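Novice: Go by the hints and put chain R onto chain V.
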Amino acid sequence: METLWIIRILKTFAAVYVKKNVSTLKAVFLNVVGAKGEDILAVNLKQINFIIPPYCVTTTKSSRLNRKFKVKCLSHPGWDGWTPVIVLANRRAGNSDGAYLLSHFRRLLNPCQVLDLAIHSPSLVIKWCSVAPPDVTLYVLVSGGDGTVAWVLNTLNECNVKGVATPAIGIIPLGTGNDLSRVLGWGKAYNRGITLSSYFEKISHSSIANLDRWRIDIKSLSNISIPRASSLFCYNYFSIGVDAKVALDFHQTRQTSPLYLSSRLYNKLLYTIFGTRQVVVPDYSYLQNRLELYIDGVKITSIPDVESIVVVNIPSWAAGVKLWNQTNSVDMSPQEIDDGKLEVVGLYSSFHIAQLQIGMSEPHYIGQGSEIKGIPDPIAAATGLSATWTSGDRLTAFAFSQSQNKSKNIPVSQSYDKSQIFILKPDILLFDTLLRKLINESSGLFVSSFSLKKYDALDNYQSNHLLKLSRKYRSVLRESIENIQEENARCQEGADTQRYNNCIALLYNLEFIWHLTEVLYIDATPEDVALTAVTQWIRFHFPESERYARKILQTISEGDSSSENRVDFLNEGVENAFPAYWDTITGLVLQGNLDLARILLQLHSQSDSDPFTFVDKIFRTMPVFSVYGNVSLPEFNLQWKLWQTNAARRLLGGTFDKYPHLKFIVQLLSGDVNSCLDELKKYCSSWYQAMVAALLYTEPTVKFYELSYHAHRFIQHYGGTANLNFCDSTVLALFELDLSTAVKKCQLASDGGWLATHLTHLLTLSGKLEPDSNNSEEEQKQDEDYQSLDIRLILEYGTLLMCHRSLWQVGLCYLDQCKEEGRARQQILLSQIFPTSDSKTMKIIQAALQRGLLDVATSVCKVEGVKCLRRNQLGKALEWAFRSQDSAFASHLADQFLQHYVKKGVFDSNDLLDNLGSCMLICDRLTFLGKYCEFRRLYIANKLKEAANCLNDLIASRIAPKYFWLTLLTDALPLLENDDEVPLFDVHQTANLSFCLNELSSINEGCMSSLVSPAHTSVFEKKTTLIRLALCKNMARAICLQPTVSI
Amino acid sequence: MVNNVYGTFVSQKISKIRWKPSNACDSFLTGSWDDEENKIVLWRYTKTDSEDALVKPRAQCSVFHDGDVTELKFMDSSIFAVSSTTGCIKLYSIFQEDEKSQFKLLNSWKKVHSFSTGDLCPSTDITFFEDYIVSVGEDGRIVLISVKDNEPYRIIDNADSCSIRCVSINKMNEILTGNSRGQMKVWDLRSFSHSPETCFTLSGGQAGFTRVTYHPTQTHIKLAGGEDGTITIWDLRNNKFAVNSLNAHSQTVSELMFHPERPEHLFSCSTNGQLWHWDSSKLSHTTISQFAGESSDLLEDTGCPWMSRNVKNRITVYSLIQNLHLPINSLDILQNSVVCGCDNEAMYLIKDFTVS
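Protein chains in written order, with the numbering used here: chain V, 1 to 1047; chain R, 1 to 356.
Bound-form chain R, shown alone:
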């Protein structure tokens, strides 16, 4: 437990929180959910006279958003896309005008996802793929949108008979989707086939996936967070079964993220109000660099701590925040600052914890 946790109440439940990519951890975006009028807000830690300004963010600008914000993703340091439960995707840019930040709507795509009855269908996750946005939704559809066009570039209907919950880039031209039945599918975006390249299932298929992420340096290693709080580790080169399955949180894993520059650190948060820092650096720092890119057999034995048989012994888990009584919905990490957004309408900044 670290003491440098700074909470700010914002009067809206936060569904997504994202650092604005920059050299200094000074501004981030939040998206709210489940309110009459949901908002996307840009926050900034401004340097003023008072001491607490550096830990107390100020709202720079905000924009109303139809439906709940389901995902926020930055394309580069100023352009970001946001998806909604109304099935709409919007692309904004942040620009400076007279010392003030402003949002500018670059493009928006309505009803990217929809039900046959005309009901609104939520888009559950988006990811950037070169100049394209890949969006997945509860209607089991994958939509590929070119940032420049008004019409979707490609639609894969019935990609899944259940809801697709999450999407992630696999490797060049390939994406990975996870659904609510605990199945992962790999899709090749170049091929025009309407069926996945591969499909693999968590044994039992009882609990769905909520998040899927990949190891920043060894992209074939995928981590998936489940509804039941487990984190499963997959090696896509050997795709039939999960390599490891960790009983991590006691409830749904709501976000799962590697530190972008220091992949030996993983962060996860859950709906029972836990925010964990998984540190594998102490035991595996040397071995990783040694075996990176070498044959898989070696890796499986000694290399990546996530792949090793006794994974629990090789990773130290810290709780970054006192357990909250309401879900933590989202987290993001930049350098040595973690922000997380919760259902108690607060966001927390955790500064300067040890990332060696």
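Bound-form chain V, shown alone:
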């Protein structure tokens, strides 16, 4: 049932590549704006190489009226550098720009060089190529969008089949996206201000580049034959999932009405509108589950939650977005249009696409390769696919084809035997069983954090609590990492190692960022010791040196017991026994851990020598600033200067020339970072490590706000801001004290928003997070529904959890904190949960009632009720009707019971009906049913008098349905014919009964003629006759006994 997608590089294909530095020449040419004659003159002088002189070409016209013509032969005019241009344009295209281009080019060139695509097929170009002299390069200037270019390129592909030299293609961009044109340097859009002849200028300054051409084969893996064998060609990009065009539309709408798009749910909704409007050739969203992606035969497994996979060949997508920015990575090469490789990226969401378009975000890089496979549905492959959001994060995809002949109003019927509906859902790393502990445990902390809000003033007590909370979150993260490592160690099969590593890497990054945030923002550190805090952070996350140092010390102390080893160490020198000795010491110094470094240095075999004792001394004498000490800042600075000068002096003296490691350390200590920067970079894998190391010895009293400057300085040393990865850039934003950017970066982590949500919440609690800077305060006032950033994130996260089958309860807890919007979402999502059993239903109802969502509870009950009715469980259905207080449904059910009784003479659910209690008051019909059951109980218990009274009440009150009257009267029959001395019905009651009987008869006569079958009528007649007789007898007896009654 699956189709295989193979995109295989076929061959490289010629296309014109225009170099971008032509602007000066173009400017010269643009100045020559004069009479038309001059224009033509200029062309004649400069563009002679592009024109086919009339005497060189022979054409035949098929008829006089038809403008179609055929080229017969083309000869060389005889001058060097002759490269004729064929212009292709469609006069109907691009706002009549096409027509304009056609007419003007006809003026500039030989008219037979200018082909109207509305009349001619591009195959005429092939004809041109075939007749052209072999040494001549033919240029083809195509005006149109990417589609037109692709069409022409496809046609030209046949050239190769026929063994003709391929022409070079240039583009006049008339389309909307014009990605191919952008890449090749032809500009992003055509405007009429450009003189056409400037295109000739462009061509003459162009070089020819190769463009990869890809074939997409759609093959069936199953036995079902596909109606259309498909094979497409692709030059720029294609996407599986959200189509680039859809994305573009979406983005434009977004820009025009940003108000509606503040939340993801709305985005999705809007997306659905666009997604369904656009009939795209295979469109699959949320597809990493449905798709097996192989790049060069290697299966790609770790695709995160993507809505779209885009395969790009050129560095421009959806109107100029450069998707492949991966230049710093080792195993990925920069994107080239002719490298025989396709680049594959994943896009997370619609919002992500919008971010991409304004250059705010990066796509998920999946890989690069020359063959891509996927497995979708065969029918969808043939017809196209459409998708719609169902509940929460589920996307339902189905094969769908829109009728193409709209004008003729003929429905295109395509019926397939086995069309399928796919339900797609995102595979979110956070939902991995390994990480579920994180979700649940942090939700507990989250809920508990709301008790903190009660303390409104930001007093010490509160901030202490916040710090505790922050540490708890971190310990949850740490514990999760440990758990996973433990688990990983236990199952050593290695099958899941990738998964474990992914999770650990994710958690580690989260903890890393969280820790820095805690150090910088939540822990109330005094300004002047910013560096102490940051150093702590670095030490905690890069503990290798310290760990190794401890190992050395431990080995030596163990060696103590067996004295031989110790002697060995001392003889050999510790530096020789441990290869990483110097690296460790340097690492310790870089982290400011001088005490440990000193201990290690003392173990060195030469530790008694002069350089070592000196280093030991400066280590010991380094002044340490403490806010609570009694040294003032200027005083400290003075001490520091003195100390450093001392160190620098010895450095100049050349004491350390024998020991390069010591020299580096002293250099660093003396504050001379610039001269040993390269050395420093060797020891520090990341810019923040280097930054902290350098600041420790250059500016020990650096302030928080100065960190930003230093961070930028060191990023420059490490390859500039362009090379920052997710973690780096978040760290940078934190150093810049730009929390809102940091939070935005956090949102891009593949943790489903866990970090962003919890961190933002904590920061908001601590009052550190300013309201969103994008919205001015006035705007906030105007918009009453304005939600602060943390609430928005909680909403997102809560919604995500609610969409999970098992975590909906946790999600509810999050949405609880989001006021109206959260409530609205709870309402929608809660009623969409599918109950598998009564106990789950009860939990849903309880959750709804707890939150005052009465209508959700009611609707869930109603749904359950109808389900029971369908299963013919009337009793249970009635129970649900009680729960939902749905009187109409209860009436309907009561009718069902009564009608069943009329037919069968027994009730199904006696146990329920006999114990209705006050529930029977929900509707008249049920009250009647309850009372009737009471009558039956009385009758069976032989309490005839009471039974008779009860029956009389039932008849007299007129709440019985008409179809039940006969049954009631028939029930009266044995009571009427009772042989007791006193008749059970008195005069009034008997009169009531007979009145009822008369009415029934008259009604029956009314409809007897047509509706009621004769057999039925005779039964009815028989019964009524009997009843009438009994009534008469009873009346007679009653009157005898009650002579005083006046009738």
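Please note: incorrect hints may appear among the correct ones.
To be verified - The calculated label-pair distances, taken between Cβ atoms and stated as ranges, are:
#1 T970/V x S193/R: 25 to 35 Å
#2 D496/V x T8/R: 20 to 30 Å
#3 K468/V x T117/R: 52 to 62 Å
#4 D149/R x H900/V: 29 to 39 Å
These are computed hints drawn from the structure, not numbers from a lab. Quick caveat, the model's predicted, so the values are computed rather than measured. Glycine included, every Cβ here is placed at the ideal spot set by N, Cα and C.
Specialist: Relative to the frame of chain V, chain R by itself:
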């Protein structure tokens, strides 16, 4: 509140948790619900070097389970039965192989409960009755299955017009069922009648029963937990009305259990995350033993604290765990250790609380 609570997160919502009967409280079973793949897991507290091993259980073995686990019951110390929302009942045994515990499927019965439309019908509760498993379901059916046979031994169709929620042994040959309308019915398994021996209703019939349990030594005393969080006490010798009704929890009572050896202690948990220990030992320890088995009048006045008129004064209630924000679905007690399983995907062990 006691501090000796040890939580373990297990990545699945736990619907049932049961100690494996043994002398040492060292292993227990959990069943999960509401997940894509539900599991039954055997956990064990192993003695290793590290300190926390005794409170941190390790998964010994697990098996996938179709549908949600609705009940787990041990027949003896190694054989247990499990019921599912798919209406299927399975019988497993736990055996040791090379120091490792393994599950072995002894028998399984598919579609014990089913709807007329063919939809899956959950089995809501099971109990052991000699060599038989009694299963009740949302289709209102009681099924008696012999452990050895492949076909059900006896089916009582339409035993209830609503869902049967819980089942318990009443006395020899009799079982007690509670339904979602607050009705209790007593069935004699020997008689072939399709109607209950007796049927009694909680007045009003508004809130259904979720659990029913009996006093370990005075089996005629039944306690029923309700949807609305009430615990009702019934004396089956006088079966028209409930003896007492306690407004216990504020939400559905999800499990209710007497300490098997010390019946003066009762444990209950609820869907609003409460786990309570009801201790009646301090006030009634002597009187119980004195009046056990004597005439009912005496008992009603002074004997069993559950039956006394001022029941609230005679029982002390302790909360064993800080209130959780999500439901506690199940609890089990063995000796002086309570385990409970919750919807926040954690299970908690409460050790060494005072059971005098």
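Novice: Can you list which hints this structure breaks, lowest number first?
Specialist: none
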